[in-house]
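All chains, please: the whole structure from these sequences, using the hints.
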Amino acid sequence: MSLGQVLLVATLAVPAVGAAVVALLPRDRAARLVGTVAAGLTLLATLPLATGGRGWTAYGAAPAVLPWHRLDLPWVPGLDLRFHLGVDGISYPLVVLTALLTLLCCAYTLWKVPDGGGSGRALVALLLVVEVGILGTFLALDLVLFFAFFEVVLLPMYAIIAGWGGPDRRRAARKFALYTLLGSVLLLVGVYVVVAAAGTADLVALTGGAGLPRGTQLAAFTLLGLAFAVKSPLWPLHTWLPDAHTQAPTVGSVILAGVLLKMGTYGLIRIAVGVAPQGARWAAPVLGVLAVAAIVAGSLICLAQGELKRLIAYSSVGHMGFVLLGVATLTATGLQAALIGNVAHGVITGLLFFLAGAIKDRAHTGALAELSGLRETAPRLAGLLGFAAVASLGLPGLAGFWGEAFAVVAAVERGGPLWTTLGVLAAIGGALTAAYLLRLLRRVTHGRPSPAVGRITPGLAAAELTAWAPLVLLALAVGLAPTLVLGVAADPVAALVGVLR
Amino acid sequence: MRVPVLLLAVPAALLGLAAFLPPVTDRLGAPEGELTHVGPALLLPLALLAVGVALAWAGWRRDRAADPARALGPLGPVFAAGFMLDDVQRALVVRPVTALARLARAADERVVDGAVEGTGRGAQGLGGALAGLHRAALPRAAVGVLAGALLIGLAAVLIGGAA
Amino acid sequence: MSLVQSVDNVALLPAYLAAGTAVLVLLADLLVARAAAPLAVAAAGAVATALGSALVGAGGQRSTFCVAADCSYVFGGRAALVGVLFALLTLGVLALSGPALRAGQSPVGEFCFLLACSMTGGVVLGAAGDLITLIVALETLTLPLYVLVGLRRGSLASAEAAVTFFVVSVVATTVTLLGAALLYAVTGGLHLGRVGALLAERRDLLDVPLTTAAVALILLGLAFKVAAVPFHAWAPATYDGAPLPVAAYLSTASKLGGVVALLAVVQRALPAEVTGPVLAGLAVLTMTVGNLVALRQRRTVRLLAWSSVAQAGYILAPLGALALAAGRTADARAAAYAAAVAYAVFFVVLELAAFAALVALRPAGADGGSLDDLRGAARQRPWVGAAFALALVGLAGLPPGLAGLFAKVTVVRALLDGGAGWLALVVAVNAVIGLAYYLRLASGLYAPPADAEAGRGADVKAGPAPAVARPSGAVVVTLAVATLVALAVGFAPQLVLDLAAR
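Protein chains in written order, with this note's numbering: chain H, 1 to 501; chain X, 1 to 163; chain S, 1 to 502.
The hints are simulated quantities; they were obtained by calculation from the structure and are not laboratory data. Don't take each hint at face value.
As the list claims (entries may be wrong) - Computed far set for chain X versus chain S, every beta-carbon distance over 10 Å:
#, residue
1, P23
2, T25
3, R64
4, L92
5, A123
Said to hold, decoys possible - Using C-beta positions, here's what the derived DEER-type ranges look like:
#, chain 1, residue 1, chain 2, residue 2, range
6, S, R298, H, L476, 22 to 28 Å
7, H, A434, X, V5, 31 to 37 Å
8, X, A115, S, W422, 19 to 25 Å
9, X, A19, H, G454, 36 to 42 Å
No residue lacks a Cβ here, since even glycine has one placed at the ideal position from N, Cα and C.
What follows is the structure, encoded as structure tokens:
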């Protein structure tokens, strides 16, 4: 077993074992500490994955997926399921982001356990299980294994919302679980449509279509596309998201928006587009139209939204619309925009939810009508909120810019009346994005302090700063040096676009 | 305060004239005469500006206490509000967009989410209706079984016979 | 043809062991005054039956009671699997009944005797090679259950349940017998293999409406045993009225018996062109109605009963692929049968775990109670609660209980291999409906008591929570073993798939 394979296994095994240990430890605080250490070790295990063979040295055409490291073991031959893991430039940034956000959430939980009656120990254990599922989804190179990990996430996330969430948490959690399960059972059917036709579930072999007949590809893309559209979420399949976000505890929202939604967009790029390229070409206009509808509708709804977390949740709908628009163009520029948009959204929205949680915890309300003048009583918190909002609206130099701008560029470059119109509408949506985020800032930070805000003390806890600082730095780093993401993703995206032709 | 004002005012007034200096235009790589094309498009505004300055100065000379802009009469407020462009924008862009936003939010909550919630409630209701059918006493249950067997058997015979 | 047949006693060994257990239990009850004696004998007999089935099954297929090539008793891989499962389920149910029996709710000797009789029927059922053996074995399996259901002393619901069960069951058996008689009239054969070969050879027989009617009647009669819609109405009332361990037996062993019988006739005797559409229709109806009605149940056992109706739909679903030509290739057929068996195995393990946990959470000898009675139970008994939640989540087909996930995957895969994508979608949507009520039950286990929820945020002390009695050792062991088996087959589902394909 090579070092890379050990790392791949460790990436999944460390949080899994960590979750078990945390669940079994009797003492709450010690258990949370152990969980944070496990999350830290997981992050450490993911970092060296970047080293690894990038070139294709053998004879013949390079395959469309060329993992830096891979591990391929038989598991259940009767179901075509192999324990096949691998990492490449498309998945690596998301893997690191997942490990990082989980670590930050565990560390945050070390400081503060949300109300709701559940123990902090159980929350950390669930966070680690969710991490296993998300990392497994990003690492899986076997369709059935991908599906299995996709489903692992569902119930722990349900439990996080239902156990530690807001007043209406049970309903929101149930809606989340049922709606996203609908997506994932469609994924199951789609996966086996492909596997039954191709006779294999190996993603490396399947990427590029593997000679699947056109009808199969159309059916597969429809099912897979719907499945990932629910998870991403794509308008109009998004309504589980605002409820879940509004009710979820802060760490739940951060994981949910930061990385869980990425399972949908990642799956769309790697599985749906990769395995059924003909289907993708066939459905691209529909996907593009829906993506732009998501951008415009999401922004408009944000503009009329009166609750802080709900507003940020709907902003995710708009931002994921840009990502999906990038994917729908099926060009190298568009896919790159989608990947960097994914990472940027994870970082910025993670930060936004942390800040929204901090404000709600302090002011005991999230209603925009009751929040104002935050910069008077808590200038640092207001400043950070301003930074995050400006990053989210896509200011050049911050992470949010690249994904949005290049999604529009890709649509316009694609040409033709449809795509040009979509590009223009998306750009208008970008302007609306700026409008609602500035409206948010004006309402929350400016003006006279409202009674709810007046009670807030200016201090920030060290744990909060520790959790937020990496995200602030990453938003800056990705914004100033987008090659951090684009560089590693360039070759795999080129290979993918190559098989799309 | 005077020093910074001077530092800013003097270059502001004079730097524009640099466009007539060949060394500057050469550096900028502009083609000959491009930057300093003296035509009607440049002269007309300059002339109007001069007239305006002169009129304002004359008005000020006549009555130092009054505001020379009063001479504009009813046009004054329009000019002061930047030709009412803000109001035009508010009427043409902001209001429709906010109205649209409220509409989008209502539609999202009532129609899109309503469909989702409705599906859930529909399933619940259907479950309730079906459960109601099952609160039958023994004779009806036995009859139900027999009737079911008869119906499905008949269907199988008819469809199977036709196939 | 000699009238004196040579009898292969080795092939019959599991049946002897099971029947011997029943006799020994009676003797033990008569001769030994202690109440524990029949229980111990029955448990030992169940273990012996399981071992015997496994050993005989390991030695390859053995047949006996043969007329020429047609045998009435064929003990092969499938029969061994069924025998072992029946014996182990009986053992588990015996362990679960410990507290109820000790509480004096039912007479111990009779209880154990009847259970052993039922086990005998199950063991023979797996090996049945002709329709008469099959029906007799199935009745041997079911008859003791009428009494077992009504065996709760002083319970009117129990007696009512027994009568409903009895009457509906008799009607169903009549329907099956009528079907078998009609089939005999058409083909002149009763041996499954012979009927199957004859119908495959003479396609013109299929055009006779009588053949179709016969096939449909046999199927529908057997559908009663798996509680498939529209022959399911007995199940919820019966489960709820029966003592908890008997309900566990009904929803695992008895249901398994129905599945085995259905598979036997569908796989070996009846033409897929006729059975396929009927089974597909039954599957769709069963899972949809089962899941929808389960949404509205307030009583735990009724919820589990309706859920097990729905689960029967998932078991039948792979056979629905036979309705399509693409589902009738040799490979697709084999996959469909194997998927149905594999799902049934996953299901009985998880269902037994769920019932074991329910028994553990309820006072000795109590019924399943309402969902509110279980509120917050997992906070008082975290391990039992976790096992219950795991079993429920597994039944819903979701991780972390991988067994349930792979069960769902197996069914969907078999359907798509058979080209029945629409049926796979129906299964998929039903999985979503199913999760709704499994979640309700599972999350209720972790919910704070009702009064604490009302005063959430304020410093309200929870009122005296309903006391959860300490469960007996045997129940806990059963629960632990069932949970561990579920976890083990979750990580190594290939074991089950291999066994199911034999």
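Right, here's what the structure says about each hint:
With a cut of 10 Å on Cβ distances, P23 of chain X stays outside the contact zone with chain S, its closest approach being about 75 Å. Its beta-carbon lying about 72 Å from the closest one in chain S, T25 of chain X satisfies the requirement of being farther than 10 Å from that chain. Every beta carbon of chain S lies more than 10 Å from that of R64 of chain X, the smallest distance being close to 69 Å; the non-interface claim holds. Against the 10 Å criterion, L92 of chain X stays outside the reach of chain S, whose nearest CB is about 46 Å from its own CB.
Separation of A123 of chain X from chain S is inadequate, the least Cβ-Cβ distance of about 6 Å not exceeding the 10 Å criterion. Between R298 of chain S and L476 of chain H, the C-beta spacing of about 55 Å breaks the proposed range 22 to 28 Å. About 34 Å separates the C-beta atoms of A434 of chain H and V5 of chain X, a value consistent with the hinted range of 31 to 37 Å. Under the hint 19 to 25 Å, the C-beta atoms of A115 of chain X and W422 of chain S, about 23 Å apart, fit the expected range.
Checking the proposed 36 to 42 Å range against A19 of chain X and G454 of chain H shows it is violated: the Cβ atoms sit about 55 Å from each other.
Comparing the model with each numbered hint stated earlier shows that hints 5, 6 and 9 do not hold.
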